[in-house]
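Chemist: Now for the letters of each chain:
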Amino acid sequence: MNKIQDQRAWLLVLPVFALVAFSAVIPLMTVVNYSVQDTFGNNQFFWNGIGWYQELLDPKSQLGERFFDALWRTLLFSAIILLIEIPLGIGVALCMPRDGIGVAFSLVIMALPLLIPWNVVGTIWQIFARTDIGLFGYALSRLGLDYNYTLGILSAWITIIIMDVWHWTSLIALLCYAGLKSIPDAYYQAARIDGASRWAVFTTIQLPKMRRVLAIAILLRFMDSFMIYTEPFVLTGGGPGNATTFLSIDLVKLALGQFDLGKAAAMSIVYTLIILALCWVFWTVATTSEAERRPT
Amino acid sequence: MKPRSAVMALYLLFIVVPVYWLVNMSLKTNTEITTTLTLWPRTLTFDNYVKIFTDQSWYSGYIHSITYVIINTVLSVAVALPAAYAFSRYRFLGDKHLFFWLLTNRMAPPAVFALPFFNLYSAIGLFDTPWAVALAHCLFNVPLAVWILEGFMSGVPREIDEAAALDGYSLPRFFVRIFLPLIASGVGVAAFFCFMFSWVELLLARTLTTVNAKPIAATMTRTVSAAGMDWGLLAAAGVLTIVPGALVIWFVRNYIAKGFALGRV
Numbered sequence: 000m001n002k003i004q005d006q007r008a009w010l011l012v013l014p015v016f017a018l019v020a021f022s023a024v025i026p027l028m029t030v031v032n033y034s035v036q037d038t039f040g041n042n043q044f045f046w047n048g049i050g051w052y053q054e055l056l057d058p059k060s061q062l063g064e065r066f067f068d069a070l071w072r073t074l075l076f077s078a079i080i081l082l083i084e085i086p087l088g089i090g091v092a093l094c095m096p097r098d099g100i101g102v103a104f105s106l107v108i109m110a111l112p113l114l115i116p117w118n119v120v121g122t123i124w125q126i127f128a129r130t131d132i133g134l135f136g137y138a139l140s141r142l143g144l145d146y147n148y149t150l151g152i153l154s155a156w157i158t159i160i161i162m163d164v165w166h167w168t169s170l171i172a173l174l175c176y177a178g179l180k181s182i183p184d185a186y187y188q189a190a191r192i193d194g195a196s197r198w199a200v201f202t203t204i205q206l207p208k209m210r211r212v213l214a215i216a217i218l219l220r221f222m223d224s225f226m227i228y229t230e231p232f233v234l235t236g237g238g239p240g241n242a243t244t245f246l247s248i249d250l251v252k253l254a255l256g257q258f259d260l261g262k263a264a265a266m267s268i269v270y271t272l273i274i275l276a277l278c279w280v281f282w283t284v285a286t287t288s289e290a291e292r293r294p295t
Numbered sequence: 000m001k002p003r004s005a006v007m008a009l010y011l012l013f014i015v016v017p018v019y020w021l022v023n024m025s026l027k028t029n030t031e032i033t034t035t036l037t038l039w040p041r042t043l044t045f046d047n048y049v050k051i052f053t054d055q056s057w058y059s060g061y062i063h064s065i066t067y068v069i070i071n072t073v074l075s076v077a078v079a080l081p082a083a084y085a086f087s088r089y090r091f092l093g094d095k096h097l098f099f100w101l102l103t104n105r106m107a108p109p110a111v112f113a114l115p116f117f118n119l120y121s122a123i124g125l126f127d128t129p130w131a132v133a134l135a136h137c138l139f140n141v142p143l144a145v146w147i148l149e150g151f152m153s154g155v156p157r158e159i160d161e162a163a164a165l166d167g168y169s170l171p172r173f174f175v176r177i178f179l180p181l182i183a184s185g186v187g188v189a190a191f192f193c194f195m196f197s198w199v200e201l202l203l204a205r206t207l208t209t210v211n212a213k214p215i216a217a218t219m220t221r222t223v224s225a226a227g228m229d230w231g232l233l234a235a236a237g238v239l240t241i242v243p244g245a246l247v248i249w250f251v252r253n254y255i256a257k258g259f260a261l262g263r264v
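In order, the protein sequence lines correspond to chains A and B. Per numbering that gives the first Met the number 0, the first sequence runs over residues 0 to 295. Per numbering that gives the first Met the number 0, the second sequence runs over residues 0 to 264.
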């Protein structure tokens, strides 16, 4: 669509600009401000330059060690989540019923976990995975497995991963399903005439057609799992020990638990910059694939 | 055909069973929960629900949550409508940069904003009000609403705008009388996602409230950490937080696929 050049359009954007500036720019400036200052209480602040950043990015310091531990933990978590959820989501989307009442029924049930408050997701699994009162934990311990998510590191990780798969696979499945729905029937008919196998239909028709939504799904899931806070906070509180203390949990501990303003602020800035870099990748991928799609 | 339905059934079962377990627990007495593991309640009780609906510190949590979610949804969609129109129809100085900047806020980790929001809303006297949470949630809901609405608006041909202008419609009148009905489903999808993300968020909502606007989600956290867990009550509170979401899904079920088809969540 050809757009008209008109600077008065700024007037239409102004409310959004003002609102988001209020809730994003002012807080971010506060964070930048804190990150270069040190305080000894009483609201007295002293210039500290890049001291906090140096400490944060130095793996040998206490703060740096803590930061990099949490960072690797979060990256590992995101990687595992993507490896499980993406193939599973595609699989589920392919298995969706074609028509009839089953479609609405499946859609409603699949969307259900997405609308449960995140801490309730944590609560559900907190109960469900307990060995004394939860079905899942009880079944596992009856099978003779040494499972207890509050004590075992491996159990805690497995529980959080299954919880996240339960929570978010539907999002990927719904996105892929929407992508699959946009494939015209003629493609399948042509494939049938050519005698293409089920696998060939998947790799040559369905997967390329899902490429755009899949890119969005992968990046959304990557970013959201990278920012995960509430569910593991409720389920394990970051424990046992620090085994499930992801970046967000660590940051909130530092900022609101210890009120270590300078360190928390420096960590916030670095964290935001990592996400911004990822966001830029997301934007580039999404817009270039959209541009490829437009001319057709 | 057979393995497909089997996979689907298994997946749906995987989703439903934990939710079923929560409902199951909420209908049991605490002695039954802690002594025996039963697949359905042997002694059916609604005491947990009765307690939530009669105890003010419990049910006010739901009222607070719903208040700020509605304020946020209305506010987000209202400011996003003109902006999305501008982005879909006009080119202006810095439009692309502005759009990208808006999106970065959807991607920013809420944990980063917890502390500065705490300071900001305390300073302007909005702390512990639904408005503080509603405004804070605008951080990620406004960009989202702009993004979704822009997609729907770009699908409406420009010629309609021009024809209306020739017929003597002013921009505001054209927008309300002609344009809004055309993108009604888009407004619905945008409102649905704003509702969803504001409803499920806890970190900011918990940080910005103490008593007078404490959301139900935070009320539940308090109970979890209390000595002597009341599992039945916790489960009942959890079930009640699922209900509004389930209702919303049921009403928009025909639009879900379309909303996702845009790939703009």
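Worth double-checking, as some hints may not be accurate.
Quick partial rundown of chain A residues pointing at chain B, CB under 7 Å, derived from the structure [said to hold, decoys possible]: (1) 4; (2) 24; (3) 45; (4) 48; (5) 107; (6) 118; (7) 119; (8) 251; (9) 256; (10) 259.
I should point out that these hints are in silico values taken from the structure, not numbers from a laboratory. Where a beta carbon is used, it is the ideal one built from N, C-alpha and C, also for glycine.
Chemist: Are the hints correct? Go through all of them and say.
Modeler: Hint by hint, here is what the structure shows:
1. 4: Cβ of residue 4/A sits 5 Å from chain B, so the hint holds.
2. 24: 10 Å, violated
3. 45: Violated, because the Cβ-Cβ distance from residue 45/A to chain B comes to roughly 18 Å (cut-off 7 Å).
4. 48: Result: violated, 21 Å to nearest chain B Cβ.
5. 107: For residue 107/A, the interface hint holds, since the closest Cβ of chain B sits about 5 Å away, which is under 7 Å.
6. 118: Because about 5 Å separates residue 118/A from the closest Cβ in chain B, which is inside the 7 Å limit, the hint holds.
7. 119: 5 Å, holds
8. 251: 5 Å, holds
9. 256: 11 Å, violated
10. 259: Cβ of residue 259/A sits 10 Å from chain B, so the hint is violated.
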